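Number of protein chains: 4
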Amino acid sequence: MIKRQKTTNDVKPSLRIRTYQVLESEAHKSVLAKCVTYFLVILIISNVIAAILASEASYHQRFKQQFYLFEFISLSIFCLEYLLRVWCCVEAPKYHGMSATKARLRYAISPVALIDLITILPFIIAMFLSLDLRALRLLRVLRLLKLTHYFKGFNIFITVVNKELKSITAAMMVILFLIVIAASLMHAVEGKVQPEYFGSILRSLWWAVVTMTTVGYGDVVPITPLGKLISTFIMLIGVGLVALPAGMLAARFGEELRERKKKLDVYIESALTDGTIDRHEYQALTDLADKLEISPEDLHRSIRLIKQGKHGKHCPHCGK
Amino acid sequence: MIKRQKTTNDVKPSLRIRTYQVLESEAHKSVLAKCVTYFLVILIISNVIAAILASEASYHQRFKQQFYLFEFISLSIFCLEYLLRVWCCVEAPKYHGMSATKARLRYAISPVALIDLITILPFIIAMFLSLDLRALRLLRVLRLLKLTHYFKGFNIFITVVNKELKSITAAMMVILFLIVIAASLMHAVEGKVQPEYFGSILRSLWWAVVTMTTVGYGDVVPITPLGKLISTFIMLIGVGLVALPAGMLAARFGEELRERKKKLDVYIESALTDGTIDRHEYQALTDLADKLEISPEDLHRSIRLIKQGKHGKHCPHCGK
Amino acid sequence: MIKRQKTTNDVKPSLRIRTYQVLESEAHKSVLAKCVTYFLVILIISNVIAAILASEASYHQRFKQQFYLFEFISLSIFCLEYLLRVWCCVEAPKYHGMSATKARLRYAISPVALIDLITILPFIIAMFLSLDLRALRLLRVLRLLKLTHYFKGFNIFITVVNKELKSITAAMMVILFLIVIAASLMHAVEGKVQPEYFGSILRSLWWAVVTMTTVGYGDVVPITPLGKLISTFIMLIGVGLVALPAGMLAARFGEELRERKKKLDVYIESALTDGTIDRHEYQALTDLADKLEISPEDLHRSIRLIKQGKHGKHCPHCGK
Amino acid sequence: MIKRQKTTNDVKPSLRIRTYQVLESEAHKSVLAKCVTYFLVILIISNVIAAILASEASYHQRFKQQFYLFEFISLSIFCLEYLLRVWCCVEAPKYHGMSATKARLRYAISPVALIDLITILPFIIAMFLSLDLRALRLLRVLRLLKLTHYFKGFNIFITVVNKELKSITAAMMVILFLIVIAASLMHAVEGKVQPEYFGSILRSLWWAVVTMTTVGYGDVVPITPLGKLISTFIMLIGVGLVALPAGMLAARFGEELRERKKKLDVYIESALTDGTIDRHEYQALTDLADKLEISPEDLHRSIRLIKQGKHGKHCPHCGK
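Protein chains in written order, with our numbering: chain H, 1 to 320; chain W, 1 to 320; chain A, 1 to 320; chain S, 1 to 320.
Check each hint, because a few of them may be wrong.
Since copy identity is lost for identical chains, a pair holds within one copy or between any two.
[To be verified] In silico EDC-like links for lysine to aspartate or glutamate, alpha-carbon gap of 20 Å or less: (1) K261 / D298; (2) K163 / D265; (3) K166 / D298; (4) K163 / E297; (5) K307 / D278; (6) K261 / E81; (7) K166 / E256; (8) K307 / E297; (9) K34 / E24; (10) K262 / E297; (11) K34 / D274.
Treat the hints as calculated values from the structure; they're not laboratory data.
Since the structure is predicted, the reported quantities are computational estimates derived from the model, not experimental observations.
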């Protein structure tokens, strides 16, 4: 028994590693890996579009068979993908040195794996129990989340949101506070005139949110002069506050970009202390730039600028 | 008498200090202090939610007793909290060296204490005079302001708003000016066609505000070609102007963050003059970073960058 | 005759200079100058409020006499102000060395003086010709522009807008281009279904502007599926583009602030070459900070930072 | 034959070069070139305005002849312009060293030339086949794109958008994801109550887009309490996310400006190593500033600042 396992183990790793490289590895992608990635991305998007179209009763009636077939095929592929991912995750550098079972358990409870599971498990259960799939419509739309496997561009996005979380929470609380105050004021002023919309603070909240976010549906509108005066102030303040979180995020975004560039500059400068960048140093800089999501053009520009700076700046008196 | 006071003083300080630490101190919070803080935060939020729900007549009818009971209990706790705060404020570092009475008076007229007072006093009076509490609904919502005790994240927010106040005032005045001009123009153009909405500059102002802030309820809409032409210009200018204050705030926010980081960098550099950061220097840097609301990760990254900069940058001639 | 003029000249200058200082000078304002400024600012704002209220027919009927009286008094004061300004402008540093007549002519054709003239001349003519003042309502609102005399905070605002004019024009042209394209597309798609709103490109433009600026009145809404699909793209692109000018202005604003600070830092560093800032240097720095609209606190912080930087940064090896 | 060609070649180049300079060259524009440029810009704008007006049936009826005549004249001029551009493009520096035919083919398939062709070819065909020009209305509006010949200000705009494309795509995907999730949720909640608007995810999408972009027409509004609660969260999140791309672009814009300034500063510093800027260096700096779209004033300010910096900063030890 042990022997047999050993023999299969001799063969398996090579297959498992190759599966891992096709499904998960990012650097130096093979043609096969790229095809698989594109296929899965297109399948995910098609699934979401199918879920959206199938929710329209008329389409659902006419293409019932096709929708069912497509769902069945997609589900099979996603199941296979999930099993393969769980199987080959052992090869991931971060699970290095663990036993295969432990690595797989660890992977299975990671967010990406849980998302994958959530988008297939209910459908398998529903199919076995012959339940109506339409009730799970919402879960099928969540398959969009599977795209996070493939777009590492969200990386910098999440970093920035995380760093700015404190300020955004503060801004959000000020906004919520103003919404509650605005709703209370309008309830006091227009509660008697439009009891259906401002009859309680709870009802006024809907108007306050719609107004502060500048959506302005127009289903609820103040009609008394005092109500209009208060709304005026709320709109003017609201418009300034509600755009703040986005502005903060954007400002921090610029800050993050600048910091990453500065970090890269420090490395370029230390690489340039001997006056030139050799092939090894260049490779290291390219890798760092890639990790920091700085484009090669920006890297080259920085190198050029720092080289010029070294020549133009440092030797005004002594010629060094 | 003096003796007795002295004796009680021997006991009191320890209790008063402990009360102060539980209620007000921020650094090194004990488990008890954290529990009290969470309890009060939840109580404040529950109060506001209760105030919002109680304003809905049907809920108020059905849960009259419960609302009254909850209000009574909350009010008692807030009263106790207020009294304890006034009592123990003597221990605050900023009132050090004052007599207890003077310190308490000073505290009582500070903004946070006044907010606390405003949100309890009217209700005590109303209860004693058996007045209808519903009229004080708006004041109960103001209890939200009590949260400022607990969120020091507003700190940087207020600093930035204060610094940018001049520019924001200027932008706001330009916006107000444009609103008045827009209202006058539309009154001239559409006053005859829609007298109800544009019959006077006063009436046109409502349309101007709703349009300039891009809320656009749609209750008042220009219908003449000339009115639409003028509105087009107003919308295009308005949309650019109204987002300015938020953009300015966000830009200044980034500036503030950068300045604070620069300030920290100066300290790191002076700590690094001997080539290393000892435990004492590290503690000082952590405290400063905390005061400047810079996360420990950012501190560590700055230290690493400056260390590398010292090695890579400073020694092109002498090898040091 | 010449003699007499000379004598009055001996007296006049002192009066003229004092008038100039009260009306125009900014630095070292006397109590009288401050009172006059506040009085004029309040008078201007009251005038605009009166103009807004008087346009409401019912108020105009009831307070006809009062409005007329207030207008008469205001107009007299503004006339007097205008004449005094023209008279005393000779003392302005920029008209130094010119003859009094030439200086006054120069001043009379400057923008601020023309604004003052426009807001009084038509009313004087109308009064003499006994015309109905109500037709000049719009011009009375323009008196708001007289406030530019008093708020120098617009300074940095105008600088930034001027510098960013080219980018804003580019962004505005892209927006206008998209509006025209959007209107043409919607005319092609919804022209047959809603001929009243999309029957021609001209009519579709109103929808395009209202949508791209995110005002969204809701008076014109696409109803065909294709129309909704196109609108979706237009809204998503529009929302990103329309906020660009404000974002650019805000970014340039931050840039401007940073540049001014940098300029100040250069001066502080040159003042600190001898290791200290004497009273004379401090006065010069304060004046410069005032001119650059940098607050004294920021100046002090910069000085402190640069001082620390000099000590911590420049002497790691040699102790200098 | 060869001889004759040679003779005409002796004459032609001079004419072709002059044509090229009038139509395409940007630096050192002659009066004639400026007039031609202004004429063509005005002609393009008039054409678009004519296309917009002609789409209005009543105008089209009344001024049928005039519109046709104007179209005929414009088309002839644009044809002539196109032919001249193709003819003289041989003189462009980037086609230097190619044969005339190859250069013209290369030019003909460049984007600007294709735009020119698209806006004339269909009309020529339509005229020859006597087709109704009204069907080509949309193509006439596209003549606006011909303006890209003349406004090089879009340059920095496109650079910034290109650099930020990755982040904007990420933000856009998050927005699209949220729109789909919001539509699915609202379909689940309000699908039964308002089947016409929320009866399927497809139908809910329209509401989701209109709400997330803060356009808020008000044609579709949630009416159930749960629907309003979900909308509240969607609006608050949406308002922050939808303004992100614009904020990112604006931040990158500021970054780009700063980088360009830094690049210029490096050149100024290297020019200042000998302590002064001679005429040749000044010309080079002006050209660079022009290429980087930095205004001459900013260039001068930078030079001044760097000069001062050299004096105030660089000589703490040796007095130089």
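Each hint tested on the structure:
no., hint, verdict
1, K261 / D298, "both (9 Å within a copy, 15 Å between copies)"
2, K163 / D265, "between (22 Å within a copy, 19 Å between copies)"
3, K166 / D298, "between (31 Å within a copy, 14 Å between copies)"
4, K163 / E297, "between (27 Å within a copy, 10 Å between copies)"
5, K307 / D278, "within (14 Å within a copy, 23 Å between copies)"
6, K261 / E81, "neither (38 Å within a copy, 46 Å between copies)"
7, K166 / E256, "both (16 Å within a copy, 15 Å between copies)"
8, K307 / E297, "within (15 Å within a copy, 27 Å between copies)"
9, K34 / E24, "within (11 Å within a copy, 44 Å between copies)"
10, K262 / E297, "both (16 Å within a copy, 16 Å between copies)"
11, K34 / D274, "neither (40 Å within a copy, 52 Å between copies)"
Hint violations for this structure: numbers 6 and 11, all remaining hints satisfied.
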